[in-house]
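Since the structure of chain W is already known, use the hints to place chain X on it.
From first to last, the protein sequence lines stand for chains W and X. Counting from 7, one number per residue, gives the positions in the first sequence under my numbering. Counting from 30, one number per residue, gives the positions in the second sequence under my numbering.
Keep in mind that the hints were calculated from the coordinates and are not lab data. Take these hints with a grain of salt, some might be off.
[Stated by the list, open to error] The calculated SDA-like cross-link candidates involving lysine to any residue, where the alpha carbons are at most 20 Å apart (straight line), are:
no.	chain 1	residue 1	chain 2	residue 2
1	W	K129	W	E199
2	X	K42	W	N47
3	W	K32	X	D53
4	W	K61	X	L60
5	W	K74	W	F12
6	X	K39	W	Y161
[What the hints assert, rightly or not] Have a look at the derived ranges for each label pair, beta carbon to beta carbon:
no.	chain 1	residue 1	chain 2	residue 2	range
7	X	K42	W	E13	30 to 36 Å
8	W	S16	X	R47	34 to 40 Å
9	X	V161	W	E13	48 to 54 Å
10	W	R137	X	A82	52 to 58 Å
11	X	M93	W	L60	46 to 52 Å
12	X	L79	W	G24	17 to 23 Å
13	W	E13	X	G83	35 to 41 Å
14	W	Q157	X	V142	57 to 63 Å
15	X	V80	W	R81	43 to 49 Å
The beta carbon of each residue, even a glycine, is placed where N, CA and C say it ideally should be.
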Amino acid sequence: MDDPDFELVSKSRQGDRGAFGKLVSKYYEMIYAVSYGVLHNREAARDSAQDVFLKAYRDLAGFKGDSKFKTWLYRVAMNAAIDQARRLKPQISLDATDVSDEEGEAPVIIPDASAGPREEVSKGELRDLVRKAVQLLSPDHRAILVLREWQGLSYDEIAETLNIELGTVMSRIHYARKKLGEVLQKMGVNPREVMH
Amino acid sequence: MENENQPVSKLYKEMMTRDLREVDLAEEKRLFIARHFEEAPAFVFRPELLVPAGAFAFCALLLMRVWPLSAPLPAAPEQTARVAAEQASAAAPAAEAVPAEDPMAHRVSVERVSSDTGIPVVFQKTIDNSPVTIIWVIPRTDIVQGG
Numbered sequence: 007m008d009d010p011d012f013e014l015v016s017k018s019r020q021g022d023r024g025a026f027g028k029l030v031s032k033y034y035e036m037i038y039a040v041s042y043g044v045l046h047n048r049e050a051a052r053d054s055a056q057d058v059f060l061k062a063y064r065d066l067a068g069f070k071g072d073s074k075f076k077t078w079l080y081r082v083a084m085n086a087a088i089d090q091a092r093r094l095k096p097q098i099s100l101d102a103t104d105v106s107d108e109e110g111e112a113p114v115i116i117p118d119a120s121a122g123p124r125e126e127v128s129k130g131e132l133r134d135l136v137r138k139a140v141q142l143l144s145p146d147h148r149a150i151l152v153l154r155e156w157q158g159l160s161y162d163e164i165a166e167t168l169n170i171e172l173g174t175v176m177s178r179i180h181y182a183r184k185k186l187g188e189v190l191q192k193m194g195v196n197p198r199e200v201m202h
Numbered sequence: 030m031e032n033e034n035q036p037v038s039k040l041y042k043e044m045m046t047r048d049l050r051e052v053d054l055a056e057e058k059r060l061f062i063a064r065h066f067e068e069a070p071a072f073v074f075r076p077e078l079l080v081p082a083g084a085f086a087f088c089a090l091l092l093m094r095v096w097p098l099s100a101p102l103p104a105a106p107e108q109t110a111r112v113a114a115e116q117a118s119a120a121a122p123a124a125e126a127v128p129a130e131d132p133m134a135h136r137v138s139v140e141r142v143s144s145d146t147g148i149p150v151v152f153q154k155t156i157d158n159s160p161v162t163i164i165w166v167i168p169r170t171d172i173v174q175g176g
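Chain X with its partners taken away, still in its complex shape:
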């Protein structure tokens, strides 16, 4: 039975070989896998997070005086504040000895941050004795994708 139909089988195989050779299956396959079955990239490299992460980095750089936003604080505030405090203390012992211009006096202490919409990132740095705190929320993937 097999030998009897050998010519038909050969014709069939030849037709299939030529038909399949004309298709760029490798490229088609690559695109399909990339679209549906690519391994998930590392968390920070997810496309949906690149924009907020980039904006965060930009703000951080901005505040690190790459691009100064405000005029520098008056020089030697510590000395002035200390002398003024001593004088004020001598004049009115009951009064509080807190130097008004000392930015460290207004320091914010961040102990706990939480968010329902994503992962909070806290950035703290003291620039020219001015404490800077940035709280950034990287949105959760399911919220970003509307799922």
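In isolation and in its complexed conformation, chain W is listed as follows:
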């Protein structure tokens, strides 16, 4: 497999911390972004991303080179972020309404926007609403969303990263987007309208 990081990984395996430092420098933003995409908390994302690099350096002997180093690092980061997200309790607002989950997971709770669609939503407010809506998704769906929408990974790459079937990738992406749209609508945001 043609891995652009092969040389730095080999040196790192021999204990060259400087070489691994170059890998950290190359992938820090990427790992922070995917951690943030799952956790949606700056401090938690920073801690998780940094733990990922420390763990990756320790466990480098376990990296057999079956996949690219970048893919392996994605996998370590996703597993760490998903585990941490599961440990954290979700914040639920008091004026919330239950909505059953189509994939049979625990029900998500969506703030009720009984006043109907909002006429005007400021950009800052919209961003807060999108973030809240994403946080209501399960960690697995947040993970798949950040890999697809933010990192732009192909379905195959996501399947390899998360070690799941291609069909599962497709169904989870579809579900995550659909659920996000529904949650936003419940919050009074019509994605089609605000983007025009």
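Frame of chain W; chain X shown alone:
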């Protein structure tokens, strides 16, 4: 399926772009790498060795008369010692002809130095015919760090 969800995707990307823009990742990254993955400095520049190395340099400078520690030795000891030795030799031929005041007579010859705690450094210099030998041990990193 992709087109249908385009507005949701755009909203998501916009939220992520703005959220990530607010974080100073460059500084965070620099500190993290400096703390955990900086290339090791050259041996003599390791922080744990700077104090003993500095003390060693200070002692060496001190003994090189930057800051004299003792009064200078008596002038022309060689001539006096030689004449005294000749006189002593004439008076008592069996006696040893070693001038008592010649500091070179007490010269220490260091052939081998070893230490379990670090790297020994030997400094030798003759100052005013007085041989000076300093043996300094730079502690090993693992011992300094308690590992």
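To see whether the hints hold, each was checked on the structure:
Proposed proximity of K129 (chain W) and E199 (chain W) is supported: the alpha carbons are some 13 Å apart, at most 20 Å. Taken as a hint, the K42 (chain X) and N47 (chain W) pair is honoured in the structure, with Cα atoms around 16 Å apart against an allowance of 20 Å. Restraint check for K32 (chain W) and D53 (chain X): the C-alpha separation of about 16 Å stays at or below 20 Å, so the hint holds. With a CA separation close to 18 Å, the supplied pair K61 (chain W) and L60 (chain X) stays within the 20 Å bound.
A threshold of 20 Å between alpha carbons decides the hint, and for K74 (chain W) with F12 (chain W) the separation of about 8 Å falls inside it, so the pair holds. Annotation: proposed proximity of K39 (chain X) to Y161 (chain W) holds, straight-line Cα distance about 19 Å (limit 20 Å). Distance hint check for K42 (chain X) and E13 (chain W): the Cβ-Cβ separation is about 33 Å, which falls inside the suggested range of 30 to 36 Å. At roughly 39 Å, the beta-carbon separation of S16 (chain W) and R47 (chain X) lies within the given 34 to 40 Å, and the hint holds.
Between V161 (chain X) and E13 (chain W) the C-beta distance comes to about 50 Å, which sits within the given range of 48 to 54 Å. Range check, R137 (chain W) to A82 (chain X): Cβ separation about 53 Å, and the 52 to 58 Å hint holds. Between M93 (chain X) and L60 (chain W), the C-beta spacing of about 47 Å keeps the proposed range 46 to 52 Å intact. Look at L79 (chain X) against G24 (chain W): about 21 Å separates their beta carbons, and that is inside 17 to 23 Å.
Range check, E13 (chain W) to G83 (chain X): Cβ separation about 38 Å, and the 35 to 41 Å hint holds. The hinted window of 57 to 63 Å between Q157 (chain W) and V142 (chain X) holds, with their beta carbons roughly 59 Å apart. Range check, V80 (chain X) to R81 (chain W): about 44 Å between beta-carbon atoms, so the 43 to 49 Å window is met.
The structure shown violates none of the earlier numbered hints.
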